[in-house]
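Undergrad: Given the coordinates of chain A, assemble chain B onto it according to the supplied hints.
Protein chains: 2
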Amino acid sequence: MKVFRDTKKQHQWSLKEHSKGLKPGLVPTMGFLHKGHLRLIQNAKEYSDRVVVSIFVNPTQFSGGEDYNKYPRDEERDLELLEEEGVDAVFIPEPLEMYPEGYETYVVVEELSKKYCGRSRPTHFRGVTTVVLKLFNIIQPDVAIFGEKDYQQLIIIKRMTKDLNLPITIISSPIVREEDGVAMSSRNKYLNPEERKKATVLYESMKEAQRLVANGITDVDALKKEMIKIIEKKEHLRIEYIEFVEPETLKRVKKVGASNRILMAVHIGRTRLIDNMKIKGQAE
Amino acid sequence: MKVFRDTKKQHQWSLKEHSKGLKPGLVPTMGFLHKGHLRLIQNAKEYSDRVVVSIFVNPTQFSGGEDYNKYPRDEERDLELLEEEGVDAVFIPEPLEMYPEGYETYVVVEELSKKYCGRSRPTHFRGVTTVVLKLFNIIQPDVAIFGEKDYQQLIIIKRMTKDLNLPITIISSPIVREEDGVAMSSRNKYLNPEERKKATVLYESMKEAQRLVANGITDVDALKKEMIKIIEKKEHLRIEYIEFVEPETLKRVKKVGASNRILMAVHIGRTRLIDNMKIKGQAE
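From first to last, the protein sequence lines are chains A and B. Each residue of the first sequence is one higher than the one before, starting from -4 at the first, in our numbering. Each residue of the second sequence is one higher than the one before, starting from -4 at the first, in our numbering.
So that you can see chain A by itself, here it is in the shape it has in the complex (with noise of 0.2 Å):
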């Protein structure tokens, strides 16, 4: 397994597989991996035939009070996790190399980025949309795979995508969940155990709106409602949001139709957590 800190290096690499006609695939993460990571990886060896994982906490896409400084790092563990799982490269740079002095370049895919997650991190979206692209243009993988724990992020990617003409297909992979629903984080660290015991509020208010759309209720004002009052019945939560989206466009549904997507952030104690769930509507 290669392991790349200079930019350039990677590129040559990723030029040199491409030109024996290999096609790279590239799942880029911040690190501290988990099962969630590795299904990504997973993903990643069905379509290409070069892996390339990227560790890199981004510093554009943390704001002033957020936790770029302690967000968790492992860079040893996640080196021999990625070398079982037969990764072909890693790719991980310094901030400095990334962001050299003069850096004023980026990306923004604006409608999509400022709703949600984007209301309470205004500017996170552009962060990731920026060095997503840059990733793109140092490693040229003929496919990336984001995961669907961070939906509004994956559509986003999309977006930009298809928006700039870049010539690579964008692979979604399906959330991950620990045995009690709760959706395989990095950020799951900060939780102390009874604030984890909690996290699990997310999963079951999911679950019981669609069951309650299973059953023929498909307003959402009261299935929004049914959901708070699972979120309520425990301390020291913080709803952030609720939404009901069309999967592709993100847009608010006010009835639930066919694949609309269930998304939403809570904070937990001084932790932020998003989730969401595909619900199908009657039409399906």
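Among the clues, some could well be false.
For identical chains, the list gives no copy identity; a pair is met inside one copy or between any two copies.
As the list claims (entries may be wrong) - Derived DSSO-like pairs: lysine-lysine, alpha-carbon spacing no greater than 27 Å straight-line: (1) Lys229 to Lys184; (2) Lys275 to Lys249; (3) Lys157 to Lys(-3); (4) Lys40 to Lys153; (5) Lys4 to Lys15; (6) Lys184 to Lys220; (7) Lys193 to Lys15; (8) Lys224 to Lys15; (9) Lys228 to Lys65; (10) Lys3 to Lys15; (11) Lys153 to Lys229; (12) Lys249 to Lys153; (13) Lys4 to Lys18; (14) Lys3 to Lys153; (15) Lys15 to Lys250; (16) Lys18 to Lys157; (17) Lys3 to Lys18; (18) Lys3 to Lys157; (19) Lys153 to Lys246; (20) Lys30 to Lys15; (21) Lys202 to Lys275; (22) Lys250 to Lys275; (23) Lys192 to Lys4.
To be clear, the hints were calculated from the coordinates, so they are not data collected in a lab. Owing to the predicted nature of the structure, the values given are computational and were not obtained by experimental measurement.
TA: Frame of chain A, contents of chain B only:
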């Protein structure tokens, strides 16, 4: 000479040339070609194996009150000229091909885009960088040629290319001038004969500044004052800006040093003209 109106077909052609080991060079234009463009094409031939010229009057770099609709167009003549020049491919997309419904992704080089021309045209450079990045992704050139006539644009494109890790070499090509010194520009067509005569003041005033610098005057305020005198001898002219800047960062200087550049924009009647000139300070 191939003519492509479809992004996918242009992209396929470029991939095919790449697969033969040939390097495409791109000359992006808005059409209505003049000798300045032909110079760019000759430059492209030096640096690449295949020359692609794009012709696209890009709506996103014009704002509401500007000349998008009346911008001069003459596709038939352009294609004849390009055929004569021995260009390999011409890419002429329709606006809806480049910006389909739901389009919302933009690239911004933040600080450089706010200065000088960016003050009177706040979304102009955002439109330029966005369309250039799209053209780069569609055409996949190894080199791209930009004229020094749009000097701020050239520096912004260089910055974007570096910041986004694009594997493309940006080549700049000197201004081509009419016999009386007026920089060639498709917008010169807007000038009536009287205005066209006055248009020489941009060149004349910069030449005078150059002469004064050669005689040891390096104070920028003093130089500007002399330039303004020359321009104000003619009626109905409005100076938008005259700036003396560092050539790569476009930072203003107070004293003319090595390889500084004069940038200027002047309105003649309803037409806005820009020009620039390298000016050698005493350090050289």
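Undergrad: The structure should be examined with respect to each hint, and the outcome stated for every one.
TA: Each hint tested on the structure:
| no. | hint | result |
| --- | --- | --- |
| 1 | Lys229 to Lys184 | within (20 Å within a copy, 71 Å between copies) |
| 2 | Lys275 to Lys249 | within (14 Å within a copy, 66 Å between copies) |
| 3 | Lys157 to Lys(-3) | between (30 Å within a copy, 25 Å between copies) |
| 4 | Lys40 to Lys153 | within (20 Å within a copy, 36 Å between copies) |
| 5 | Lys4 to Lys15 | both (17 Å within a copy, 24 Å between copies) |
| 6 | Lys184 to Lys220 | neither (29 Å within a copy, 64 Å between copies) |
| 7 | Lys193 to Lys15 | neither (51 Å within a copy, 59 Å between copies) |
| 8 | Lys224 to Lys15 | neither (57 Å within a copy, 64 Å between copies) |
| 9 | Lys228 to Lys65 | neither (30 Å within a copy, 64 Å between copies) |
| 10 | Lys3 to Lys15 | both (19 Å within a copy, 24 Å between copies) |
| 11 | Lys153 to Lys229 | neither (36 Å within a copy, 54 Å between copies) |
| 12 | Lys249 to Lys153 | within (25 Å within a copy, 47 Å between copies) |
| 13 | Lys4 to Lys18 | both (17 Å within a copy, 21 Å between copies) |
| 14 | Lys3 to Lys153 | both (26 Å within a copy, 17 Å between copies) |
| 15 | Lys15 to Lys250 | neither (51 Å within a copy, 54 Å between copies) |
| 16 | Lys18 to Lys157 | both (20 Å within a copy, 25 Å between copies) |
| 17 | Lys3 to Lys18 | both (18 Å within a copy, 19 Å between copies) |
| 18 | Lys3 to Lys157 | both (26 Å within a copy, 12 Å between copies) |
| 19 | Lys153 to Lys246 | within (15 Å within a copy, 37 Å between copies) |
| 20 | Lys30 to Lys15 | neither (31 Å within a copy, 42 Å between copies) |
| 21 | Lys202 to Lys275 | within (11 Å within a copy, 72 Å between copies) |
| 22 | Lys250 to Lys275 | within (12 Å within a copy, 69 Å between copies) |
| 23 | Lys192 to Lys4 | neither (45 Å within a copy, 54 Å between copies) |
In terms of the numbered hints stated before, the structure departs from hints 6, 7, 8, 9, 11, 15, 20 and 23, listed from lowest to highest.
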